[in-house]
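Colleague: Sequence:
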Amino acid sequence: MLVGPYRLPSPVYVAPMAGVTDAPFRRLAAEFGAGLACTEMISSEALVRRNPESFRLMDLRWDRRPVSVQLMGGSPEVMAEAARMAEAHGADIVDINMGCPVPKVVKTSGGASLLREPDRAARVAAAVVAAVRVPVTTKIRLGWDFESRNYLQMARLLEAAGVSALAVHGRTRSQGYDPWADWEAIGQVKAAVRIPVAGSGDLRRDVDAAARQEQTAVDAVMLGRGILGNLWLIRQTVYHLQTGDRLPDLSWAERIALVRRHCDLVLEYYGPERGSRLLRKFVAWGLKGFKGAPRLREMVNTLTGPEQVDVVLDEALRTDPGLLTTADEEAPVAESCQAVA
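So for the sequence shown, our numbering puts the first residue at 252; every next one is plus one.
Just so you know, the hints here were simulated from the structure itself, not pulled from any lab data. Only a predicted model underlies this, so the values are computations on that prediction, with no experimental measurement involved. For glycine and all other residues, C-beta sits at the position ideal for the given N, C-alpha and C. Please note that a few of the clues may not be correct.
[Claimed, not checked] Cross-link-like lysine-lysine pairs, in silico, DSBU-like; alpha carbons within 30 Å at most: (1) Lys532 to Lys358; (2) Lys355 to Lys539; (3) Lys532 to Lys355; (4) Lys542 to Lys532.
[Unchecked claim] The calculated label-pair distances, taken between Cβ atoms and stated as ranges, are: (5) Pro499 to Ala462: 11 to 21 Å; (6) Glu505 to Ser399: 25 to 35 Å; (7) Tyr428 to Pro499: 34 to 44 Å; (8) Arg312 to Gln559: 20 to 30 Å; (9) Glu435 to Ala411: 16 to 26 Å.
Required output: the full structure, derived from the provided sequences and hints.
Modeller: This is the structure in structure tokens:
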């Protein structure tokens, strides 16, 4: 699949998720075969004000190329300036968030609020395209609510504005992450435009991705919440789409080893103090769905140093990994754009 001049190594994207798709996460995603990973969402207003945290989110030193930087905002002028800064900072692709449903994003005229103002959305996209030499992509939802679903209008306007590719999440802003994503609508977008389209929503298994790609003819699938605690799903999905065969799930020991590797990368990138706090959620997600996970997560919540990570994971290895039922406690699920910098 081509995005501008870039031929991506696989048709499996990793969705940008605030508080999740940081540099260590993107490195692991690339190792498992993701065709494209994106930074956490960055506020264009904060970036042009040179907010230090915004620049940290845009740290691309650990990334395999190409890498995408996602920006959020409703001002064409500010978004254009932020895009120029992202390009100067090394972004190979600039992505515009037009789908985030979180209220604090929407009230800034960014994210899904642009679905209510198609003309403004087109001006934002055109301004960003004109400001940079790298490809510009956009992620959208089906509309603001069911009564105002305007995904075909949005897709055509964005294509006309010069966007190189689209990602479509199969729900409206008002739906959040329930009920099931509407992949028929995603297929309609694919049929309506000539640029590449990636589909997103409810892809929890490799066979889900294959079925949806066959149903809609999308050029790529975008994995999001399904890979929290299960980065192996990226490798499984890439393999299944390429061969038609399936890779087995990781054993309990292999799953713990992956969590340990992720923790090591987080500690290396952030340092022991900040890293120990940040890795708690990744350990909790990695233990999701197994017998003893609630007790182990209690231990995770008290982590204050790297040495305690090994204690928790060693204890996890000694725990019977019998699967929990659906009714049992699960780890918290991330919002794709809950935090903004």
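Colleague: Indicate, hint by hint, whether the structure satisfies it.
Modeller: Against the structure, the hints:
1. Distance hint between Lys532 and Lys358 is fulfilled; the C-alpha atoms sit about 28 Å from each other, no more than 30 Å.
2. Of the pairs offered as hints, the one joining Lys355 and Lys539 holds, with about 29 Å between alpha carbons and a cut-off of 30 Å not exceeded.
3. Distance restraint check for Lys532 and Lys355: the Cα-Cα separation of roughly 22 Å lies within the 30 Å cut-off, and the hinted pair is therefore satisfied.
4. Using a Cα cut-off of 30 Å, the hinted pair Lys542 and Lys532 holds, with the two alpha carbons roughly 18 Å apart.
5. For the pair Pro499 and Ala462, the supplied restraint of 11 to 21 Å holds, since their beta-carbon distance comes to about 19 Å.
6. The hinted range of 25 to 35 Å is not satisfied by Glu505 and Ser399, whose Cβ atoms lie roughly 46 Å apart.
7. For Tyr428 and Pro499, the Cβ-Cβ distance of about 28 Å falls outside the hinted range of 34 to 44 Å, so the restraint is violated.
8. Between Arg312 and Gln559 the beta carbon distance is about 28 Å. The supplied range of 20 to 30 Å therefore holds.
9. Remark: the range hint 16 to 26 Å for Glu435 to Ala411 is upheld by a beta-carbon distance near 24 Å.
Checked against the numbered hints above, the structure breaks hints 6 and 7 and satisfies the rest.
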